[in-house]
Amino acid sequence: DVKVTQSSRYLVKRTGEKVFLECVQDMDHENMFWYRQDPGLGLRLIYFSYDVKMKEKGDIPEGYSVSREKKERFSLILESASTNQTSMYLCASSLRGAGTEAFFGQGTRLTVV
Amino acid sequence: GENVEQHPSTLSVQEGDSAVIKCTYSDSASNYFPWYKQELGKRPQLIIDIRSNVGEKKDQRIAVTLNKTAKHFSLHITETQPEDSAVYFCAAAPSFKAAGNKLTFGGGTRVLVKP
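Read top to bottom, the protein sequences are chains A and B.
For the first sequence, the positions run 43 to 155 when the working numbering is used.
For the second sequence, the positions run 7 to 121 when the working numbering is used.
In short, the hints are calculated from the structure, not lab data.
For glycine and all other residues, C-beta sits at the position ideal for the given N, C-alpha and C.
Just to be clear, a hint being listed does not mean it is correct.
Partial list, computed: chain A residues near chain B (C-beta under 7 Å) [what the hints assert, rightly or not]:
1. 136
2. 141
3. 148
One chain only, chain B, in its complex shape (with noise of 0.2 Å):
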């Protein structure tokens, strides 16, 4: 099955510095790579995806980037603020519909940006 490893642990940022995140995966046929935030007490929310199609993809502060031939996509948060502290976690989906979306995640980034 899907590996996804994710570094670093933790990540701590002055605030309006850049944060950068990176994953591995493991197999070839997972084609869908999003990313999830979570802050503290509250549930893991969909900030930003990319498809294999793609090689890289932006929204305002944040943008992710692919490497298919590697088999790594990684996070770039620019600008850092005090609420981009948080748990971020990589994923990765096969792309055929039979899995059903089965996302599989990376052990998760703790963001720490300081004022």
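This is chain A alone, in the form it adopts within the complex (with noise of 0.2 Å):
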């Protein structure tokens, strides 16, 4: 089974932290995502990475930066945590090339107070 791992479930955060939420994929995908969900908006992209020491900017990337160092680990960053970061975020990796199937992590429920 192909298992994407969130470092954490929850966290809560104060306005202005430095925040790192990170993410691992154990069957060797090259793409991986950071995706932020919220009712009614469904999952929204931040941003995605083709490679190592690739990345792209998805729609919402204000606010947010990544790090893929290691092809197995991607790092989303929240250079100033804000109230309007507090949601809950997804981690995903697929199989290099169009259409193959996404896998996710089980989510960071991230509170920003």
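Combine the two chains into a complex, taking the hints into account.
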């Protein structure tokens, strides 16, 4: 079974803190993604990566950055957390190419107070 | 970029009835259309997908139809059961490899199957 593991299930951070969300996959997938899930808005793409050290902005990259130093690990960074970044964050991975299944992590519920 | 709209946002059906969820997309370059199911507190999981060279695909009680001309696709669940209760997401992705399978999701449909 493909496993996509996110480092935390729940996080509470203070406004202005730098926050790191970690994601690891064990299936040697080239593609990795960070999505944000909010009620009624579906899953919105923040950043994605096709390969090590490569990154592309998604639809809502403002306030976020990413790092992919190793193929299996993709980190999402909130440079200065704000209350409007309170959300569920989902990491996903997939094989290279068009039309391949995305496998999701269990999600991190981040609350910024 | 791609924009995917999904309707309805909530759907309540009686057990045994059918459920239909509809999605529209904007980018004619999209040709991969997966559907994900997310049960309460769990991660989204792929339940069925369709590519643009196919008009319909079935897997037991679920089916997906695609109309590329009109840019819409639908999920059909027949003989609904309580375990079908979940949030369903449609998505669209472009065909070319350079896009890296970038999925754009709809807003989701919360389906409640009443026993």
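Checked hints:
For the restraint placing residue 136 (chain A) at the interface with chain B, the shortest Cβ-Cβ distance is roughly 5 Å, inside the 7 Å limit, so the hint holds. The closest approach between the C-beta of residue 141 (chain A) and any C-beta of chain B is roughly 4 Å, which is under the 7 Å cut-off, so the hint is satisfied. For residue 148 (chain A), the interface hint holds, the least distance from its beta-carbon to any beta-carbon of chain B being 5 Å, beneath 7 Å.
Checked against the numbered hints above, the structure breaks none of them.
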